[in-house]
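Enquirer: Sequence:
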Amino acid sequence: MDDHAQPEPRGPLDRTVLGPDLVREAGLSRLDVVDEIDSTNAELVRRATTDPAGWGDLSVLVAEHQSAGRGRLHRAWDSPVGESVAVSIVLRPHNRDGRPLPTQGYSWFSPLAALALREALAVLAGIEACLKWPNDVIVQGRKISGILAQLAPGANGAPPAVVLGTGINVAQTEEELPVPTATSMLLACGREVRREDILTAYLSAFARRYREFCEADGDPEVPLSGGRGLWGQVEDATITLGKRVRVELPGGQTLVGRATGLDSHGALRVVEEDGSRHSVAAGDVVHLRPADGGYA
0 MDDHAQPEPR GPLDRTVLGP DLVREAGLSR LDVVDEIDST NAELVRRATT DPAGWGDLSV
60 LVAEHQSAGR GRLHRAWDSP VGESVAVSIV LRPHNRDGRP LPTQGYSWFS PLAALALREA
120 LAVLAGIEAC LKWPNDVIVQ GRKISGILAQ LAPGANGAPP AVVLGTGINV AQTEEELPVP
180 TATSMLLACG REVRREDILT AYLSAFARRY REFCEADGDP EVPLSGGRGL WGQVEDATIT
240 LGKRVRVELP GGQTLVGRAT GLDSHGALRV VEEDGSRHSV AAGDVVHLRP ADGGYA
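Under numbering that gives the first Met the number 0, the first residue of the sequence shown carries the number 0, and numbering increases by one thereafter.
Treat the hints as calculated values from the structure; they're not laboratory data. Be a bit skeptical, because a hint or two may be false.
Calculated cross-link-like contacts (lysine to aspartate or glutamate; reagent style DMTMM-like; alpha-carbon spacing at most 25 Å) [stated by the list, open to error]: (1) K242 - E195; (2) K242 - E82; (3) K242 - D196; (4) K142 - E272; (5) K142 - E127; (6) K142 - D37; (7) K242 - E272; (8) K142 - E35; (9) K142 - E175; (10) K142 - E63; (11) K242 - D283; (12) K142 - D235; (13) K142 - D283; (14) K142 - D196; (15) K242 - D273; (16) K142 - E118; (17) K142 - D273; (18) K142 - E191; (19) K142 - E82; (20) K242 - E220; (21) K242 - D262; (22) K242 - E271; (23) K142 - E195; (24) K242 - E63; (25) K142 - D291; (26) K142 - D96; (27) K142 - E247.
Make a model of the complete structure from these sequences and hints.
Expert: Pasting the structure below:
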């Protein structure tokens with residue numbers, strides 16, 4: 000075999016696996032798969048806005064390939080065809096009595112998704128992952144997934160919807176990853192994993208956790224499965240906490256201190272050397288890195 004031969008193209012998603020059975024078993028509203036799109040988040044915001052009745056709570060859009068994927072702060076996100084997962088979900092959260100969730104709880108949807116993916120990686124492939132605040136899932140210090148939440152207008156005076164996008168590196172080799180701080184499921188577990196399988200595991204875990212959080216009226220302190228509230232579960236899984244961090248803010252400002260925890264809205268609590276205390280929201284951060292260098 001030629002050592003320089005390119006790997007065979009990964010096959011398309013098996014749409015029979017991502018069909019009505021998954022929608023029913025996971026409790027989704029719908030699941031559409033498209034071949035190529037600019038961005039699943041951007042397209043789902045458009046669809047949720049123009050056709051809210053057709054794109055209800057827990058409606059899902061999956062793309063074989065994104066031509067203009069975006070991460071936080073409009074950073075480009077791309078991957079060769081067939082090697083990753085690009086999925087977005089519409090959330091129109093209501094509690095068990097049918098009342099809309101307080102919008103203060105919306106900031107917890109991204110870490111909730113990260114917990115769901117962490118669970119799916121462990122169950123499906125034995126991969127131990129953790130969370131890097133604010134929106135990355137990390138394996139052995141390298142990024143395997145990023146999560147992005149955006150708002151879409153509510154329908155008929157309803158509160159805004161949330162469109163939650165997740166990108167997962169699945170089949171990339173070391174040479175195919177865009178940066179040395181990234182990894183993939185292939186590299187993490189040493190074997191190929193079908194993209195349909197990680198999608199199924201992730202969507203099922205997310206829908207279950209999301210419904211439970213909605214039943215708790217979006218309160219991150221209410222105990223959930225496993226005994227702890229979402230707030231505590233996220234803190235337990237977040238590798239950032241306890242470390243000295245460097246927080247880069249807009250306008251060139253920098254904050255250096257110890258990350259001590261999260262506040263009730265999921266913002267990062269940072270204590271400087273002089274004892275000054277700060278809560279930094281995800282939307283206010285350009286970059287967050289360990290103070291002594293590195294990625295996570």
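Enquirer: The structure should be examined with respect to each hint, and the outcome stated for every one.
Expert: Taking the hints in turn, this is what the structure says about them:
no. : hint        : verdict
1   : K242 - E195 : violated, 36 Å
2   : K242 - E82  : violated, 33 Å
3   : K242 - D196 : violated, 34 Å
4   : K142 - E272 : violated, 29 Å
5   : K142 - E127 : holds, 12 Å
6   : K142 - D37  : holds, 22 Å
7   : K242 - E272 : holds, 13 Å
8   : K142 - E35  : holds, 24 Å
9   : K142 - E175 : holds, 14 Å
10  : K142 - E63  : holds, 21 Å
11  : K242 - D283 : holds, 19 Å
12  : K142 - D235 : holds, 18 Å
13  : K142 - D283 : holds, 21 Å
14  : K142 - D196 : holds, 20 Å
15  : K242 - D273 : holds, 16 Å
16  : K142 - E118 : holds, 16 Å
17  : K142 - D273 : violated, 32 Å
18  : K142 - E191 : holds, 18 Å
19  : K142 - E82  : holds, 15 Å
20  : K242 - E220 : holds, 24 Å
21  : K242 - D262 : holds, 16 Å
22  : K242 - E271 : holds, 12 Å
23  : K142 - E195 : holds, 20 Å
24  : K242 - E63  : violated, 37 Å
25  : K142 - D291 : holds, 18 Å
26  : K142 - D96  : violated, 38 Å
27  : K142 - E247 : holds, 19 Å
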